[in-house]
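S.K.: Sequence:
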Amino acid sequence: MTIRLLGPVTLVKGSVPIPIRGQRQRRFLASLALRPGQVISKEAIIEDSWDGEPPLTVSGQLQTSAWMIRTALAEAGLPRDALGSHDRGYELRVLPDSIDLFVFREAVRAVRDLHARGQHQEASERLDTALALWKGPAFADVTSSRLRLRGETLEEERTAAVELRALIDVGLGYYGDAITRLSELVDHDPFREDLYVSLMKAYYAEGRQADAIQVFHRAKDILREQIGISPGERMTRVMQAILRQDEQVLRVGTPA
Numbered sequence: 001m002t003i004r005l006l007g008p009v010t011l012v013k014g015s016v017p018i019p020i021r022g023q024r025q026r027r028f029l030a031s032l033a034l035r036p037g038q039v040i041s042k043e044a045i046i047e048d049s050w051d052g053e054p055p056l057t058v059s060g061q062l063q064t065s066a067w068m069i070r071t072a073l074a075e076a077g078l079p080r081d082a083l084g085s086h087d088r089g090y091e092l093r094v095l096p097d098s099i100d101l102f103v104f105r106e107a108v109r110a111v112r113d114l115h116a117r118g119q120h121q122e123a124s125e126r127l128d129t130a131l132a133l134w135k136g137p138a139f140a141d142v143t144s145s146r147l148r149l150r151g152e153t154l155e156e157e158r159t160a161a162v163e164l165r166a167l168i169d170v171g172l173g174y175y176g177d178a179i180t181r182l183s184e185l186v187d188h189d190p191f192r193e194d195l196y197v198s199l200m201k202a203y204y205a206e207g208r209q210a211d212a213i214q215v216f217h218r219a220k221d222i223l224r225e226q227i228g229i230s231p232g233e234r235m236t237r238v239m240q241a242i243l244r245q246d247e248q249v250l251r252v253g254t255p256a
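As numbered in UniProt numbering, residues 1 to 256 make up the sequence shown, in order.
Errors might be hidden in some of the hints.
What the hints assert, rightly or not - Per label pair, the in silico range of CB-to-CB distance:
id	residue 1	residue 2	range
1	THR153	GLN119	52 to 62 Å
2	GLN248	ASP141	26 to 36 Å
3	GLN226	ILE18	14 to 24 Å
4	SER41	GLU247	28 to 38 Å
5	ASP128	LEU95	18 to 28 Å
6	ILE222	GLN23	11 to 21 Å
7	GLY118	ARG192	21 to 31 Å
None of these hints come from the bench; they were simulated from the model.
Predicted model, so just to flag it, every value in this text is computed and none were measured.
No residue lacks a Cβ here, since even glycine has one placed at the ideal position from N, Cα and C.
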């Protein structure tokens with residue numbers, strides 16, 4: 001059984017999805033699944049489920065949501081007490097490796113180690129498997145503004161993983177693939193200087209020094225015109241290294 005948060009909030013038994021019916025139930029389950037094995041206070045669940053504006057019948061609605069989630073968990077093959085009830089809140093009693101978010105995080109940690117050891121081929125295969133866990137934006141079918149903000153934070157983890165995938169491409173000599181991935185990330189988030197730095201290094205690694213320089217000037221124009229700042233020290237240092245062809249500075253490493 002898997003709980004999916006990286007996309008629509010869903011239970012999966014084997015390969016068969018078991019939808020969580022009702023917006024309130026999806027919010028409730030997502031709030032618990034972010035912290036499996038911990039008692040989450042009723043107040044925190046209410047904040048996530050009603051954005052701080054609960055109805056007068058909130059206590060009864062929480063109990064109804066808990067009953068419906070237990071029914072879905074039982075359909076997925078778990079005992080009904082997998083959703084524990086306490087005086088102060090509720091607890092999702094499942095292992096983290098049954099939740100796609102935690103599987104993704106653990107895989108990325110392992111891939112960073114492989115990449116650092118120069119095992120690029122295995123790193124690329126494992127990271128592709130991890131990225132395939134994403135079936136859309138995190139909490140894609142949840143409308144809670146609080147949970148959607150958390151989902152945006154998780155998207156940053158996904159972006160970092162795609163950037164790492166690009167750096168692995170560089171390690172494999174697939175510079176064109178790295179440039180494509182990084183260019184897409186820059187288009188999606190044009191104020192991330194670290195992405196520009198990685199893209200500049202990827203162009204340089206492919207022998208396209210002029211394109212690397214052009215990335216710097218494009219970034220400088222965007223940063224100055226849209227948010228009123230100049231490129232930071234790191235980007236400027238990489239630009240200077242490209243001009244003097246300083247291979248040590250331009251060696252592609254893992255992202256922060």
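S.K.: Taking the hints in turn, state whether each one holds.
M.R.: These are the hints, each one checked on the structure:
Against the hinted window of 52 to 62 Å, the Cβ-Cβ separation of THR153 and GLN119 comes to about 29 Å, which falls outside the hint. Restraint check, GLN248 to ASP141: a C-beta distance of roughly 48 Å breaks the suggested window 26 to 36 Å. In this structure the hint that GLN226 and ILE18 lie 14 to 24 Å apart at CB is violated, the actual value being about 44 Å. SER41 and GLU247 have their C-beta atoms about 54 Å apart, which leaves the hinted 28 to 38 Å range violated.
At roughly 24 Å, the beta carbons of ASP128 and LEU95 sit within the given window of 18 to 28 Å. Take ILE222 and GLN23: their Cβ atoms lie about 38 Å apart, and the range 11 to 21 Å is violated. In this structure the hint that GLY118 and ARG192 lie 21 to 31 Å apart at CB holds, the actual value being about 26 Å.
Violated hints, in rising order: 1, 2, 3, 4, 6; the structure is consistent with all others.
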